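Engineer: Read off the chains here:
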Amino acid sequence: MHIVSKITTPAFLFSTISLLMSAYGARFTKICQVARNLSSEIRDTDLPKKKNFKKQLLIFTKRLGYIRYLQLFAVVSLFFSTLSMFFLLFGKIDFGNITFILAVLFFLVSLVTSLIEIYYSMKALDINLEI
Amino acid sequence: MELNLTTPALIFSTISLLLLAYTNRFLGLADLIRTLHDKAKEKGEKDSIISPQLASLKKRVKLIRNMQFLAILALFFCVFSMFLLFFNKSTAGEVVFAIGLGLLMLSLILSAIEINISVHALNIQLSESVDGEPLIDDNIKEKEVVS
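First to last, the sequence lines map onto chains A and B.
In this text, residue positions in the first sequence follow our numbering: the first is 81, and each later residue adds one.
In this text, residue positions in the second sequence follow our numbering: the first is 8, and each later residue adds one.
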């Protein structure tokens, strides 16, 4: 097993995760806006359109849920890699390694969630084109 | 653990990127609060959907402000640590760097809390349109099918 003893190693996760957070933050606000617009439009539309909008809204809420978990996992991963640096700074190599592995694991989970979210990202558009 | 002069600099890019992400969130929320407030004013009364949303959004804005504050403070301590290391005060540099890391962790915890409540306001908005009206319309449609 490779043992991390340099304090600079956990820092490699930092820039990636923060960029990912920024990208997903933008995605989150955009989807929120679209969902809000749809929910105000839904009141004054006719019935078939309303059904369609409702389907879209459900997909949007699903995606928002995924993005929320994704961001949570990313932040937790960032937290653990900072904690790992903290331990390595004080020479606690074992704790540093454990927290670093945890950080990498959380990052992996976050990326898998991101894959699921990307898979759903086309669906609302498809439903919109059905009208 | 020996600390290089460049080690605190590893945190720089992270914190600046994090601040960028925080600022975007902040701006989006501020916009949303303004529009919601205008809407509430137009209706002339305290709307039962808008005021709980505003409360939740205000809470988030406050959290983001604290997150930004802590992140900037962490950045300050990292730069200060570089300054101390430059003058070969390695123990003081390490302690200051550790404080910086601690502040960054606090900021991240607040961020996790903020993300956790981030869908709350939208849920309130959507509970009206998804659960309220369309359900009634579904009944109407069923009646149409029956007749």
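Don't take each hint at face value.
[What the hints assert, rightly or not] As a list, the in silico DSS-like pairs of lysine-lysine whose alpha-carbon atoms are at most 25 Å apart: (1) B:Lys65 - A:Lys86; (2) A:Lys129 - A:Lys110; (3) B:Lys50 - A:Lys130; (4) A:Lys110 - B:Lys96.
None of these hints come from the bench; they were simulated from the model.
Model, not experiment: these values are computed from the prediction.
Engineer: For this structure, which hints from the list above don't hold up?
Structural biologist: The structure breaks hints 1 and 4; every other hint is satisfied.
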